[in-house]
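The residues making up each chain are set out below.
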Amino acid sequence: MRSRSVGSAGALAALWLFSAAAPVLAHHSFAMFDHTRTMTLKGEVTKFQWTNPHALLELDVPGASGVRHFTLELTSINMMQRLGWRSSDIKAGDKVKAVIAPLLNGEAGGLLLEITLPDGKKLEPGVPAAGTFKRTPEAE
Amino acid sequence: MRARLIACAAALAVSIAPAMARGQAAPGSAVPDITGSWERYGGILSQRADVRRDDPTLPPPSPPPPLRPAYLQEWQARVQAAREADAKGTPLASNATTCLPEGMPAMMAAIFPMEILQSRGQVTIIEEAFTQVRRILMDQPQKPIEDVEPGFYGRSVGRWEGDTLVVETVGVKENVRFQNTSHSKDMRIAERMHLVAPNILWNEITITDPVTLEKPWTLVYAYRRMPGYTLLEYVCEDNREFAEQGLQKSTLGKK
Numbered sequence: 001m002r003s004r005s006v007g008s009a010g011a012l013a014a015l016w017l018f019s020a021a022a023p024v025l026a027h028h029s030f031a032m033f034d035h036t037r038t039m040t041l042k043g044e045v046t047k048f049q050w051t052n053p054h055a056l057l058e059l060d061v062p063g064a065s066g067v068r069h070f071t072l073e074l075t076s077i078n079m080m081q082r083l084g085w086r087s088s089d090i091k092a093g094d095k096v097k098a099v100i101a102p103l104l105n106g107e108a109g110g111l112l113l114e115i116t117l118p119d120g121k122k123l124e125p126g127v128p129a130a131g132t133f134k135r136t137p138e139a140e
Numbered sequence: 001m002r003a004r005l006i007a008c009a010a011a012l013a014v015s016i017a018p019a020m021a022r023g024q025a026a027p028g029s030a031v032p033d034i035t036g037s038w039e040r041y042g043g044i045l046s047q048r049a050d051v052r053r054d055d056p057t058l059p060p061p062s063p064p065p066p067l068r069p070a071y072l073q074e075w076q077a078r079v080q081a082a083r084e085a086d087a088k089g090t091p092l093a094s095n096a097t098t099c100l101p102e103g104m105p106a107m108m109a110a111i112f113p114m115e116i117l118q119s120r121g122q123v124t125i126i127e128e129a130f131t132q133v134r135r136i137l138m139d140q141p142q143k144p145i146e147d148v149e150p151g152f153y154g155r156s157v158g159r160w161e162g163d164t165l166v167v168e169t170v171g172v173k174e175n176v177r178f179q180n181t182s183h184s185k186d187m188r189i190a191e192r193m194h195l196v197a198p199n200i201l202w203n204e205i206t207i208t209d210p211v212t213l214e215k216p217w218t219l220v221y222a223y224r225r226m227p228g229y230t231l232l233e234y235v236c237e238d239n240r241e242f243a244e245q246g247l248q249k250s251t252l253g254k255k
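Same order as they appear, the protein sequences are chains A and B. Using this note's numbering, the final residue of the first sequence is 140, and nothing's skipped along the way. Using this note's numbering, the final residue of the second sequence is 255, and nothing's skipped along the way.
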């Protein structure tokens, strides 16, 4: 198991570390994201952008009223690399499941908390204080 | 041949000795070898699993800024405005959210790993976040503040007092804020860096400002060696920020 996989001791320790240090270590406040609920998106990656201050994931999510495009923010690629992420982990065309804290303003975007890759592997980007985002169970 | 060797050795000793006395560590000298990668230890990270709370090398908690009344009021209002903006889901921007470096002394909080390089006449400190670099000029006099052009890192001069690196910095821009506090152009930052254990470095930072502070503001940051860690690059490439979107909608952020 690689260190970036959810459940590995290193990643959990790192997440715990960052949850303790949230206000200082975050590049900005995460107050624009909804802390009271999460959304689970199933869609196709159109772009995975490996940049600072944040990596970004563009996702097309099909729904009853057509495809909705979401822009998702991750953490700093430096923090992600220290957790074991690689720029090649996600590619355009990948079918993924993303758990996000949605934007409070209702726009189609949010903060990525966890992603499940096509091979079933789960990754977390090490969001500071990730535990403060109340998880909404995935709808069947 | 032997004479040549002795001459070479003597020349080497002459050329190295002053450099060792300045930036670098010489074998047997009091100057410690602090070159390498470091991570913040204690303080904000003190809940980390491998940090023992009773570790005597953990630094004391940082006190609040001893600001003069007018600046204290302004600081409290700023903190409150940030809190209210957060509560509305429209956080305010800071230098960092607009991709500007933190500057001095905030960069010494080392939110990401930090590298120290000791070289001839200079100690260089690189903070991974925002690729911040400061140069500490060794054994040089400090200039009068009015002769230093204001910048994010200011002008730092240093010297070794035994095993302690003593640094003074002036010339930090007034829009470079540390912990949301204002400072004047007359601010001075004194630092005393020394090893409190073979792999733990303390930096006692004392900020003085005759305009904004009632008394010197001293806090201690500790760092732990990161053997084998090479700093990663950090370029603030795409600031397409939700924070910015929020900012545009926030009246608090219009200033």
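Keep in mind the hints are simulated off the structure, nothing from the lab. Note that the structure is a prediction, hence the values are computed from the model and not measured. Among the clues, some could well be false.
Claimed, not checked - Taking lysine-lysine and the DSBU-like style, the derived pairs with C-alpha atoms no more than 35 Å apart in a straight line are:
no.	chain 1	residue 1	chain 2	residue 2
1	A	LYS47	A	LYS97
2	B	LYS88	A	LYS134
3	A	LYS47	B	LYS88
4	A	LYS97	B	LYS88
5	A	LYS95	A	LYS42
6	B	LYS88	A	LYS122
7	A	LYS42	A	LYS121
8	A	LYS134	A	LYS42
9	B	LYS143	B	LYS88
10	A	LYS121	A	LYS97
11	B	LYS185	A	LYS42
Claimed, not checked - Some residues of chain A that are not near chain B, with every Cβ distance over 10 Å (derived):
no.	residue
12	SER29
13	HIS54
14	GLY63
15	SER65
16	MET79
17	LYS91
18	LYS134
Think of the CB as a built atom: it goes at the ideal place given N, C-alpha and C, for glycine as much as any other residue.
Structure-inconsistent hints, enumerated in ascending order:
Violated: hints 9, 11, 12, 13 and 16.
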